[in-house]
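Here is how the chains run, residue by residue.
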Amino acid sequence: MIRIDSNGPLNCVVDGGRRGLMGTGISRSGPMDAYAHAISNWMVGNAGDAAALEISIFPFRITLENDAVIALTGAVGPIESSAGDVPPWWCMRMAAGDQITVSPPHAGARCYLAIAGGIDVPAVLGSRSTDLKAGFGGHEGRGLRRGDRLAAMPAADAADDQPYGTVPPQVLELLPELRRGEVKVRYLPAAEHHWFSPASLEAFNSSLYKLSTDSNRTGAKLQGHRLETSFKVELRSHGIVPGTVQVPPHGQPIVQLAEANTCGGYPKIGTVIEADRWRLGQLRPGMHLRFQEVDLQEAIEALQRQRESLVAVRRSIAIATGRPTMHE
Amino acid sequence: MSHAGAGGLLLDVSGDVYCSELQARLWSVARLVAATTKPVGVEEAIVGINNILLVFDPVVLAPAEARDWLASAWQESVPGSGSGRRLGLGMSFDASSGPDLTAAASQLQLRPVELVALLCEQRFTVASLGAMPGFAYMTGLPAALALPRRATPRGSAPAGSLILGPGMVAILPCASPTGWHVVGGTQVALFDPLRQEPAFFRLGDEVHFEAEVGP
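Taken in order, these protein sequences are the chains called A and B. Read in order, the letters of the first sequence correspond to residues 1 to 328 in the working numbering. Read in order, the letters of the second sequence correspond to residues 329 to 543 in the working numbering.
Simulated from the structure, these hints should not be mistaken for lab results. Misleading hints may appear alongside valid ones.
Here are some of the chain B residues that sit facing chain A, going by a computed Cβ distance under 7 Å [to be verified]:
| hint | residue |
| --- | --- |
| 1 | Val368 |
| 2 | Gly376 |
| 3 | Asn378 |
| 4 | Leu381 |
| 5 | Leu436 |
| 6 | Met460 |
| 7 | Phe463 |
If you're wondering where the values come from, they're calculated on a predicted model, not measured in any experiment. Backbone N, C-alpha and C fix where the C-beta goes; we use that ideal spot for every residue, glycine too.
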C-alpha cells in the first residue's frame with residue numbers, strides 16, 4: 001500500500017492509456033511523458049504500460065505501508081526518502097514506514113513513480129488511466145488527495161534489488177533545454193497549414209511560444225506571435241490526435257496533449273511528431289516552445305530511433321537488475 | 329487527404345454543404361477500421377462531419393500504404409445503413425433546462441413554444457461521436473433554425489443540456505462549457521463508463537425529442 005500524504009488535483013494514476021475508443025469521444029488519457037512512464041515501470045520489472053503515478057503538483061509526499069520496490073523518473077529535482085537523498089531516474093527497495101518527498105523539480109514538470117506490480121486500480125474501458133476531464137478511471141476518477149491509499153498488484157520476485165539508476169540519452173539531451181526554459185519540438189504540417197499567412201508561418205517556425213498557466217492534461221495553451229489565416233472558412237468538426245496544434249480565432253495556438261479532445265473545429269497548423277510528444281509533458285508554465293517543421297520521412301525515422309533507444313534502455317535495465325527477460 | 333502526425337490521416341470529403349450520403353459512406357469506412365480484416369498497424373478511426381481520421385502505427389504500416397488503403401476503402405464504400413435504431417428522448421424545455429430558449433427563438437423570430445414544436449417534429453441523425461465521451465453531433469436541423477454560436481460561450485452547462493449549434497443539435501453528456509445555445513435538457517445519462525456500452529448513442533441512430541416539460 002502507498003499512502004498519499006499531499007494534495008495534488010493533477011497528480012493521478014496513469015497507465016499506457018485507453019486505445020480504440022476515440023471514435024466515441026473517449027480520450028487516450030495516457031501519460032504526458034510516455035517515455036519516463038514506461039521506463040519507470042521497466043525499472044521495477046513491470047510491463048511498460050502498467051499503472052504508475054504521474055506527479056505534477058509538488059511537494060508530493062507518500063508513505064509506504066509495505067516493503068516495495070519503486071522507481072522515480074521524469075523531471076529532475078530533489079527527492080528525499082527516510083533512507084536519504086534519492087538520485088534522479090532511480091530504482092530502489094523501500095521498507096514499510098518509509099516516506100518519500102518529491103520537491104519541485106529544477107528541470108522538467110512531471111515525475112513518474114512506479115511500484116513493482118503496478119498500481120492496483122480497476123481497469124475502466126480497458127485502462128487504469130485517470131480521465132480527469134470526464135472523471136473516471138484511475139483512483140476514483142480524480143486526482144490524488146492526502147489520505148488516499150493505493151495498493152500494488154502482486155509483483156514478480158526481484159532477482160536483485162540493489163538500487164540502481166539509468167538515464168536515457170534522450171533525457172540527457174532534453175535537460176539543458178529544460179534548464180534554459182526553451183524546448184524544441186518537431187512538427188508535421190497539418191490540414192490547414194497552407195491557410196496561414198507567410199508571416200504567420202515564418203513566426204511559428206522561428207519565434208518562441210510560452211506555455212500559459214491555464215494549461216492542463218488536455219491542452220497546452222501557448223502565448224506568442226499571433227497566427228492568422230489568409231482567409232476565413234468555417235471548418236466542420238473533425239477528428240484530432242494528441243500533438244495537434246490548433247489555432248482558435250484569437251490566434252494563440254493550443255497543443256492537444258494526453259487527454260486530447262477527440263474532435264475539434266479550429267484550423268490546424270501542424271501536429272507535433274510522435275517521437276517528440278513526451279517532451280511536451282516536461283514543459284512547465286512560463287517555459288517556451290520552439291517549433292521546427294520536418295517532413296514525413298524525418299518524423300518516421302525519429303519514431304524508429306526512439307523505439308530502438310527504448311529497446312536499448314530495457315536491455316540496460318535487464319543487465320542492471322539481473323532480470324533475464326522483460327515484459328513485451 | 330492530409331497528415332495528422334506520421335500516424336494519422338485525415339480524409340476530408342466535404343463539399344460546400346453537409347451531405348448525409350457521404351456521411352453514411354464514412355460510417356462504412358469506420359466499420360472497416362473496426363473489422364478484423366483491417367491491415368496490421370491500423371488502430372482506430374474518428375468519424376467527423378463529412379471527414380474521417382485514420383490513426384495507425386506509422387512504423388508498422390507505412391503512411392503511403394495507409395493512405396492507399398484508406399483511399400480504396402473510401403472508393404469502394406457504399407452508404408452504411410445507420411444503426412437501425414430509433415430513439416425518443418424526453419426533454420424539458422423550461423427556463424432552467426433551456427436558459428437560451430427564449431433568446432434563440434426570438435433570433436429566429438419564433439415564440440419559444442413554436443421553436444420547441446419544430447424541434448420535436450424533427451428526426452435527427454447521429455452523424456458523428458466525439459469532442460467528449462458520448463457527445464453526438466446530430467444532423468437534421470432545418471436551415472431555417474440555424475443560428476450562429478453565442479457571442480459569449482457559457483462557462484458551463486449541465487449534463488443533459490440540449491444545445492443548438494450551427495446546423496446541428498447535440499446533448500452534453502457531462503457538464504461542459506459551450507458556445508451553442510442551451511434550449512432544453514434531458515435526464516438520460518448519455519455516457520457511463522461502467523455500462524456495457526458506455527456511450528448512449530451509436531453512429532447512425534435516428535433521434536427525436538418528446539417535450540416532457542414545455543417552455
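Checked hints:
Restraint check, Val368/B versus chain A: the minimum CB separation of about 15 Å is more than 7 Å; hint violated. For Gly376/B, the interface hint holds, the least distance from its beta-carbon to any beta-carbon of chain A being 4 Å, beneath 7 Å. For Asn378/B, the suggested interface contact is upheld, since its CB lies about 6 Å from the closest CB of chain A, less than 7 Å. About 3 Å separates the beta-carbon of Leu381/B from the nearest beta-carbon of chain A, less than 7 Å, and the hint is met.
The restraint placing Leu436/B at the interface with chain A is violated, with a minimum CB-CB distance near 19 Å, outside the 7 Å limit. Taking 7 Å as the C-beta cut-off, the interface hint given for Met460/B holds, the closest approach to chain A being about 5 Å. For Phe463/B, the interface hint holds, since its Cβ comes within 7 Å of a Cβ in chain A; the closest pair sits about 5 Å apart.
Checked against the numbered hints given earlier, this structure breaks hints 1 and 5; the rest are met.
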